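The chain contents come next:
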Amino acid sequence: MNEQASILIIAIPLLVSVLNIPIGLLKRSLCYPLTVFTTLSCVYLSFVIADTVINTGNISYHVGGWEPPWGIEVAIDHLNAYMLVIISFVSFVVSIYAKNSIEKELLPDRIIYFYTIYLLLVTGLLGILVTGDLFNLFVFLEIASLAGYALVAIGEDKAPLATFNYIIMGTIGACFYLLGVGYLYIVTGTLNIADLTRLLPALYHSKVVLAAFAFFVVGVAIKIALFPLHTWLPDAYTHAPSTVSAFVAATMTKVGAYVMIRVMFTVFEPNFTLNALPTTEILGWVASAAMIFGCIMALAQTDLKRMLAYILVAEVGYIVMGVSVGNRAGFTGSVLHILNDSFMMVSLFFVAGAIMYKEGHRNIKNLSNLHKKMPVTMGCFIIAAISMVGVPPTAGFFSKWYLIHGAINAQKWFFVAFLLLSSLMVAAAFFRIIQNIFFQPSESHTTHEEPVRDEVPCSMLLPIVVMSISLLVIGFFSGQIIDSLIQHAVPKGF
Amino acid sequence: MVSRYENVIIETVSRLLIPAMQLFGLYVIAHGHGSPGGGFQGGCILAASFILMVIAYDIKEAKSRMSENLNTILCCAGVFIYGGIGLLCVILGGNFLDYSVLHKVLPVDPVKARYMGIFGVEIGVGIAVMAVMVSIFLNIASGGEHEGAMK
Amino acid sequence: MDTMDFIIGKYNYWVYIVLMMIGFYAMIAKNNFAKKLVGMNIFQTAIILFFISTSSKTGGATIPIIQAGMDKAHQYINPLPHVLMLTAIVVMVSTFGVALAVLIMIYRRYKTLEEDEIMAILKMEKQI
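Residue numbers (this note's numbering), protein chains in the order written: chain A, 1 to 494; chain B, 1 to 151; chain C, 1 to 128.
It is worth saying that the hints were derived from the structure and are not from the lab.
Values in this document were obtained by computation on a predicted structure and should not be read as measured data.
Some chain A residues judged to face chain C by a derived CB distance under 7 Å, without partners named:
(1) 135
(2) 139
(3) 142
(4) 160
(5) 163
(6) 182
(7) 186
Glycine included, each C-beta is placed from N, C-alpha and C at the ideal position.
Use the sequences and the hints to build the structure in full.
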């Protein structure tokens with residue numbers, strides 16, 4: 001069982017996702033428990049994998065019994081194991097949350113297909129993480145993206161238009177990635193990541209390898225919505241159903257960041273990435289621009305989900321900036337920020353979904369007195385918001401601390417300034433909402449009746465509370481997380 | 001919406017052609033693991049025969065042969081056969097998709113079991129490709145009006 | 001002479017780049033969403049052409065189907081890019097299918113696929 005866990009974690013969601021349709025056609029209410037149970041088993045398997053990696057070292061699993069590099073390899077090291085735990089945990093929590101939210105927002109006959117495509121998306125994301133083969137990574141990337149397109153498209157009125165832009169941009173990104181794979185295949189004749197790591201250093205002078213690297217970086221930058229290529233993200237994530245926004249915002253860009261780290265520091269050596277081309281310099285400045293631009297745009301929004309989407313653009317900037325400074329602290333900060341940001345994004349989008357569920361809108365200006373109606377939800381919102389700003393006991397502080405530390409070590413004083421400035425603007429954006437909720441007198445209700453306490457159903461409230469508490473817990477345990485997983489994931493030479 | 005346009009020549013020719021196409025599709029699937037061909041190609045040929053039926057007759061006629069639910073279930077069945085064979089190998093003690101362990105359930109030696117395993121996977125792929133191609137075509141040809149389509 | 005070699009000797013790369021840029025142009029410059037989609041398809045097809053062309057070998061190598069009397073690897077072209085592109089074609093078809101479905105949804109909502117007309121409709125709705 002233990003040695004098979006690394007393949008079962010993608011085989012089980014794939015099989016259950018197709019089982020969902022016949023079962024759902026028989027009895028629709030069975031889809032939800034089946035999905036929750038599947039994602040729960042993914043969480044269990046991811047813990048098994050993480051445990052194996054921590055105690056016995058890297059896993060290499062040969063699909064079909066064929067030896068790599070001829071066969072397909074499933075290769076898991078500390079970084080994969082860490083990402084697997086995050087993604088499977090988030091998918092589990094989101095699947096619990098999904099029931100009431102999508103029943104409210106979707107047409108009834110779409111619900112079976114929602115669960116099917118949701119599990120396909122989980123399969124794709126977990127597949128990207130476990131695979132040790134560049135072309136398989138492309139296939140899983142496309143499975144995840146296609147499932148993402150379909151899930152975004154079933155959203156509200158303007159969703160199809162946003163999805164179309166997403167499809168065009170996403171396909172360009174995937175095609176660039178595929179071209180990069182092709183160029184590397186021409187010069188090395190292999191697609192296995194471990195094999196490429198071994199063969200590439202002799203070829204670093206080749207222009208084909210440089211072109212491949214450039215294609216990889218640009219392709220993945222589109223997928224993770226790095227600043228000038230982010231245009232598809234805000235529309236798509238605003239108009240998607242709330243559950244989908246929460247899941248996609250928390251996972252897709254993070255997995256894309258994982259692919260970027262994998263390509264930059266495993267397929268290519270850190271030495272090459274940092275010195276051959278001024279890639280990291282450019283990425284650092286682009287990421288700084290993303291931090292500032294995302295926050296400015298977030299301040300200008302009145303739609304809560306749209307504001308969160310722009311903050312996500314800024315958060316992607318943080319992650320890429322940490323990678324680009326090229327030292328141990330910055331890298332640790334980036335990898336830790338992947339965890340924190342996915343948890344914060346899930347909580348915030350959950351709250352946005354809860355407000356949609358009860359109020360039917362998400363306009364920032366009409367949120368007054370919500371703390372009396374939904375005290376628990378709003379409490380969780382505040383925890384997530386201060387974590388996003390980076391206030392000490394919460395998780396967000398620690399990753400930002402490492403990021404700033406990394407930037408200072410690399411003597412990139414502008415990045416430090418941009419990071420602090422952007423944190424300040426995130427604070428402004430969130431305190432604007434908090435002020436609207438707590439201190440603004442309600443305009444619509446001129447009568448003095450007290451708002452009644454009216455929380456969302458338990459299946460939605462529980463995930464919100466769990467995610468907010470876990471933000472505090474991660475904050476306290478970030479030292480252990482770094483010691484047991486992240487510090488082993490830092491590439492050699494940092 | 002594709003509506004029926006009666007034409008004796010087209011209907012007669014397609015009535016003759018469709019069984020031959022389907023037989024050829026099955027041939028391509030069945031020979032996929034030993035020679036050129038396979039699930040993708042055979043599935044596409046099977047789907048093409050069905051699409052020809054929609055073009056020559058109309059969607060209602062085609063749907064009386066294969067309902068939307070049956071088509072959806074075939075999609076799932078195809079993927080499930082593929083993944084199920086992989087999982088069966090895991091249950092029998094091999095790696096995922098390591099067909100040679102199938103000799104424990106099939107009355108053949110491990111080498112032959114590998115051959116049979118690939119054949120099973122090709123059948124699954126063929127069914128899935130056919131059903132997916134047909135459902136893409138029906139959904140788009142009917143402009144989404146088709147029952148069970150995206151509304 | 002070197003320039004000619006550079007162009008003619010690597011003609012497969014030139015064809016793929018030209019095709020890709022045609023697709024890219026259509027995706028950026030065309031006003032109609034369906035044409036953008038066709039551009040996307042050309043873009044992906046160019047990449048498939050690129051992969052397939054890299055599998056060829058000089059010296060009369062033939063398609064990778066085992067024939068009697070030919071048992072050396074150099075007598076066959078490289079089958080791996082073909083297999084990879086089989087998967088990439090499946091990805092391409094699925095993307096195209098999803099995109100067409102989305103286009104149908106857009107058409108039903110706005111009754112047009114022209115980008116400027118849809119923008120005008122959106123602008124009008126915002127004012128109301």
